[in-house]
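Student: Two independent chains are provided; combine them into the complex using the hints.
Now for the letters of each chain:
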Amino acid sequence: MSEREGGSTMEPGRRISMSRPAVGEAGATGQWRNSRPVMDPALCMAAKAGKVTCQICWAYCPDGCITQGAGPVIDLTYCKGCGICAEECPAYAIEMTPEALHGVCDLPEGEVR
Amino acid sequence: MSETMVMTGNEAAATGAKLARVQVIAAYPITPQSPVVETLSAWVESGELPAEFVAVESEHSALTVCIGASTVGARTFTATSSNGLAYMNEQVWWAAGARLPIVMCIANRAMAAPWNVLNDQQDSMSERDAGWVQLYCRDNQEILDTTVQAFLIAERLNVPVMVCYDGFLLSHTMMPVTVPEAGEIDAFLPKRPAPLTVVDPGDPRNIGPVVLADPRADSSGVVSPGYMELRAQHHRALLAAIDAIPEVDTEYGAVTGRSWGGLTWEHLLDDAEVVLIAAGSLATQATLTAEALRAEGVKAGVLGIRAYRPFPVEALREKLTGRRLALVFDKALSYGYDGPICTDLRGSLLGIEGVPAVFGAVCGLGGRDTSPEDLAAAARRAIADLDAGMRTRATDWINLHLEGE
Chain A
1 MSEREGGSTM EPGRRISMSR PAVGEAGATG QWRNSRPVMD PALCMAAKAG
51 KVTCQICWAY CPDGCITQGA GPVIDLTYCK GCGICAEECP AYAIEMTPEA
101 LHGVCDLPEG EVR
Chain B
1 MSETMVMTGN EAAATGAKLA RVQVIAAYPI TPQSPVVETL SAWVESGELP
51 AEFVAVESEH SALTVCIGAS TVGARTFTAT SSNGLAYMNE QVWWAAGARL
101 PIVMCIANRA MAAPWNVLND QQDSMSERDA GWVQLYCRDN QEILDTTVQA
151 FLIAERLNVP VMVCYDGFLL SHTMMPVTVP EAGEIDAFLP KRPAPLTVVD
201 PGDPRNIGPV VLADPRADSS GVVSPGYMEL RAQHHRALLA AIDAIPEVDT
251 EYGAVTGRSW GGLTWEHLLD DAEVVLIAAG SLATQATLTA EALRAEGVKA
301 GVLGIRAYRP FPVEALREKL TGRRLALVFD KALSYGYDGP ICTDLRGSLL
351 GIEGVPAVFG AVCGLGGRDT SPEDLAAAAR RAIADLDAGM RTRATDWINL
401 HLEGE
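Here the protein sequences come in this chain order: A and B.
In terms of the numbering used here, the first sequence opens at residue 1 and continues consecutively.
In terms of the numbering used here, the second sequence opens at residue 1 and continues consecutively.
Okay, chain B solo, but in the shape it has when bound (with noise of 0.2 Å):
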């Protein structure tokens, strides 16, 4: 029977992990990820959980411990947040190209400089392009549920996987999360599939060796892809997570009776003319703005973003196309251009026949609290630009307080 308990984002998490009976932790801790692997450190010291705790002296070594184990098969999983990624960012991009099927959770928080510990999604949206299948959360079910889709998403094709969710807002959070029985997530989740590194004493390997631009036989004739094609299968395989995120949601949901979207979710779309998108605990209470909304006659509704790479160009393009306007709320921002989902949004909306307005609008960096009726306001203002004929506009800034403006 699975059980229903009252627990925060990072104790689902910690759940998440466990149920996926990992084998290796390795972190550091950092705010307000700690309680991730606090929680994780004290069941492997009590024997609840059997897996090999690794305390280390940096980020950068705890993901550096899981690239290790990863490569010889065991299934490993960390979790950072913040300045704590960025410090991880060398091995980031290396458990990607070696494809390794890591899972790390990050409790979205803040870049310093200054220090701030809140939350926004600054850390883990500079990530972007490392190659990692980057999932976010609106609650801490989903947390937890999306952290054991997580392992057999990256097992199945062989990249890492980011779930993310938001710093205090659901990391902190308590909540009902109803826990899945081990039996059913082993029925699930199987044991992960042999590594694609060879590790075997009577037939060493040297792993990831040096590639040059252009493929090239090694010493035992055995022509090796060049980096361009190791980087585009990769490539691929980032691709194919566009298949592999939502199959994996529908079979956990066919053993839990829980799904999530897979690529993206919806809250009032079906006649709305005005989108709303955002991704985790933001799109969660854009689902108030839109019924506020509504009730003031906008035809207004939410699209969510749970999967940010790969990015859901097709999914965005099929639901958004005959709407009248895109409004995206980013808790990022690429300085010196715009917040990262519309940015990725507007790509890929371009040259589409009957696709919306996208205006971006920042809001909520650094922990800034942001209103369902903020959002509302912000929408108001982003109806009133394109009712007078505005097609694009700066971005807006939700909430900001600048001296003389």
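Next comes chain A alone, as it looks inside the complex (with noise of 0.2 Å):
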């Protein structure tokens, strides 16, 4: 049977789609986002404490697409705005934002924010 032939032998993605893991795998996500983490340093833990502690939106990051650090770097490539990590930062360091207050798309006329 050829089918059962090379069946722990397949390439990845020859029958089924498997790849390997790598940053931007799918795309520029980051264009799909309409709300964006700001990081306030006054408030993150690990950036007041000048190390690499907390760290827990890189946890939650479902995306992966923050980096630890003192304090973490969220990677604006790539993160769709979803709100988790500002949803489970401990110490409300992380605030979503409008998109549009980032000067990404117009205002509507007349609309003052």
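Only true hints are included.
Partner residues aside, some chain B positions facing chain A, computed with beta carbon under 8 Å:
no. : residue
1   : L196
2   : P204
3   : I207
4   : G208
5   : V210
6   : S219
7   : P225
Simulated DEER-style distance windows between Cβ atoms:
no. : chain 1 : residue 1 : chain 2 : residue 2 : range
8   : A       : R14       : B       : R393      : 47 to 53 Å
9   : B       : A194      : A       : T29       : 31 to 37 Å
10  : B       : E48       : A       : G83       : 49 to 55 Å
11  : B       : P215      : A       : G24       : 15 to 21 Å
12  : B       : H60       : A       : R14       : 27 to 33 Å
13  : B       : N116      : A       : M96       : 48 to 54 Å
14  : A       : L76       : B       : P215      : 28 to 34 Å
15  : A       : G24       : B       : A194      : 25 to 31 Å
16  : A       : R14       : B       : T392      : 40 to 46 Å
17  : B       : T250      : A       : T77       : 53 to 59 Å
18  : A       : V73       : B       : G336      : 56 to 62 Å
19  : B       : A232      : A       : P98       : 42 to 48 Å
20  : B       : G47       : A       : G24       : 48 to 54 Å
21  : A       : Q31       : B       : T392      : 54 to 60 Å
What the hints contain is simulated information worked out from the structure, not anything from laboratory work.
Being a predicted model, the structure only gives us computed values, none of them experimental.
For every residue, glycine included, the Cβ atom is placed at its ideal position computed from N, Cα and C.
Tutor: Here it is, written out as structure tokens:
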């Protein structure tokens, strides 16, 4: 049976969908975002302590786009703006803000924020 | 030594899974399937079956657990019926597209609404297009034997297999079943080959990531097939089951002395002019009908459908060419069209020289009793229609009692 052969030697993705994990495997998903996480170093425990502590945002980010650090760094090229990091941060150091405030798109005429 | 015991169809299914040495079972109870996994869970609890039994909160989760376990290489089994299968639907497609050799028994039951726990074949036949092999059993012995065979078919082709049998008519009916010795089955069914997936913490993979329309290179530069390429290979694997199902059936026969006809089976077919076609226990019943019709001078025979997917197109063409009439009894319906086996058979025979007229009849929906005499009366009506010059006609509804008709 030809189908049987190579069952264990298959190259990734020949008969099923499979790939090696890599940054950007699914494209620049940051374009999907309509609200942006903004981290306040004055509140972030790791930033305040000046060492790699807490890192709860890193642990919870479902896209793996936060790098550990003092404080952690969010890669906006891939962050979809789900807001889980802001929800989970025990120090309330992350605020979700509308993308419009960051000059990505124009505000509707007359609207002031 | 094999041993003959009296057991229900559900116990036969559980015994087949045990003989196959399943490693992970996940299931949610639903009538008439529940005794399959109740039996298995009792064996896991007693230590008689060294497997993981995962109790879940829904059928969707049951198949999801099987998908996870099968992805990392475990031999996995589940069973369901009716709305439970419908609730699994998303994962039914996932298991097939991910090419996982899961075996699932279906104790066939009518779909709601309205609620009805009794038998027809609408549940599994509605999953026709999902990419699973579907085998239909005619008695409890075949349920046990087919459940074991299903693992070998599944693991050779990397496709999941549904083993379907009629709810209550088989699932809860006791009959003698010969249980092969474990060593016989071990010789027939080796350990599962390595899965298609790579599961290695030292070389992590995304399994089932998004595939776009066209082939594209991933981050490592490996060009992955596009969606259509993966689906075409899946389709070819299902078509390869046309050969694998009879091969496995023959190999099983060499070990146990029992084979079930591979794709189809027959009764009094050799010189038959009128061929009665059905799947499951309904086809068993049709054997009595054929015998009764022969006593009236009608050359009748039965062609039983064992494999519904893949559909045995070539075998049906070969076995039906030269006959006068093929009368298909469906215990399911594609609402707004026709019975599923009848529809597929018509398509298979279209444009072939010398094939019979194909008439369809729907019966037994929601457990409506259908006796061999009911089938014989339907056959007499069909023969009369054929003699009156009809080559095609509307679907006959057997034992339908609508007010005013």
